[in-house]
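For this one, chain A is given, so just place chains B and C on it according to the hints.
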Amino acid sequence: MRLDRYTVGTYSPGATFWQQVAWYYLGSPLVSSYWIVDSSFKCWVLRCFGAKMGEGVRIKPGLKVKFPWRFVVGDFVWLGENCWIDNVALVTIESHTCLSQDVYLCTGNHDWSSSSFQLKDTPIHIGESCWIAARSSIGPGVTVGRGAVLCLGSIAGRSLAPMMIYAGNPAQPIKERHITD
Amino acid sequence: MRLDRYTVGTYSPGATFWQQVAWYYLGSPLVSSYWIVDSSFKCWVLRCFGAKMGEGVRIKPGLKVKFPWRFVVGDFVWLGENCWIDNVALVTIESHTCLSQDVYLCTGNHDWSSSSFQLKDTPIHIGESCWIAARSSIGPGVTVGRGAVLCLGSIAGRSLAPMMIYAGNPAQPIKERHITD
Amino acid sequence: MRLDRYTVGTYSPGATFWQQVAWYYLGSPLVSSYWIVDSSFKCWVLRCFGAKMGEGVRIKPGLKVKFPWRFVVGDFVWLGENCWIDNVALVTIESHTCLSQDVYLCTGNHDWSSSSFQLKDTPIHIGESCWIAARSSIGPGVTVGRGAVLCLGSIAGRSLAPMMIYAGNPAQPIKERHITD
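Protein chains in written order, with the working numbering: chain A, 1 to 181; chain B, 1 to 181; chain C, 1 to 181.
Treat each hint with caution, since some may be false.
Any copy will do: because identical chains look the same in the list, a pair fits if it lies in one copy or spans two.
Claimed, not checked - Below, in silico cross-link-like pairs of lysine-lysine (DSS-like), each with a Cα-Cα straight-line distance of 30 Å or less:
hint : residue 1 : residue 2
1    : 120       : 175
2    : 120       : 64
3    : 52        : 175
These are computed hints drawn from the structure, not numbers from a lab.
Here chain A stands alone, though its shape is the one from the complex (with noise of 0.2 Å):
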């Protein structure tokens, strides 16, 4: 591996350079902000810079979002305290979908069996009714089910069955959900 014949291959960031800037030095802090605390403000932000967020979306401090403009959130979500959305590629949640403290959604990998490295960009997309706990990580390209829960510290690589409960490191089904009321 030679990393300074690294190639991008087909992949564009998606904004010009003075949006990604814009991003960077003003959007960005805003949206991760601790003094500012409504959820509200920080969704019109995130909308200027390209994001389609839902209604009633509730966003806590220190959310970090790499690029809004691929970023498509339903309604009613939370996005925790600390996330980290990464999202080079896509990344889609769906309504009624729970990001806890410190997740970290990341969508960039790279050709390991290249030598330039080549970067990989894949989508994430979770569905609605999720739970993604506490310091949970999802890697590119995984798929998570409708009502599937990913518990606290879980590394998911692959994509998460509907309503089924996922723990540990690489992330196990442990049981299914089922919701009583």
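Same frame as chain A, but now just chains B and C:
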């Protein structure tokens, strides 16, 4: 699950609105500060907001405490760099225990079988002479027995037996601890 | 265990008190800065404090280095966003190696069989052309063989063989790496 129908059940934050605001905008930034490195001062700030702090407690930079009025710490405890005490419920740390860098203590849970995703807050109790190593996490309701060790990056969702060494995600007992002097 | 009897054994920080203060309050904030994005400048600051930095090193925002005078980095190395080099002992990273976001390298250990909890500092050595993926951690004394890969969120407490891919907590070998071009 419908997050627009979210309920907190019997949970209450345990302090007035203005106490919470004062902690969030004044106390917490002082305790978390990298510029201030004096542990005694940080213990004093925590005590002003209701924490019980023993003598000889060492606080490293970046410590985050959610609710100091639900924080009880013994003597000669170490709270490492970037530790996060996410204590919506009571967290107790007994004397001579070390929390290393980036440890996360999580007391908040949700009822995943309820469509209202009801909040369940459960205390964490860490006994005397324990070592919670760097980047490890402890989940809601866990009791850590006297002298137990949780190794680098481990996730403890269940209680840990005294004088036992645990590692992995989920954390597994790997051997007994013997103090030889 | 009695933390009031803590000893550091033969450990010494390797720099004068004022060098440590200058690094902590001046050098480290410059290197960690999100506002400064120029890798060459950050390499220069690290060199001023004793680090050996090769050519073409890329440093992303949020890099934390404990002791730059115990940091040796080859050519065309990438140090990802929020990486934490917790190097009380020497950390060596050879050429063409990539540390992704939020990687944690931990060189500090404690003697858990001693009631004085004596500090044990042991170096980390990462070979050429490795990829330490996002959110993974490497423990004290670990050697990472040339071309090895440590996957998303993995925890390596033991040394990694060359050209092998590891995942999980604890990290397990999952397959051999082949570079096909």
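Consistency of the hints with the structure:
1. 120 to 175: between (32 Å within a copy, 20 Å between copies)
2. 120 to 64: Classified as both; 21 Å inside a copy, 27 Å across copies.
3. 52 to 175: neither (33 Å within a copy, 39 Å between copies)
The structure fails hint 3 only (numbered hints given earlier).
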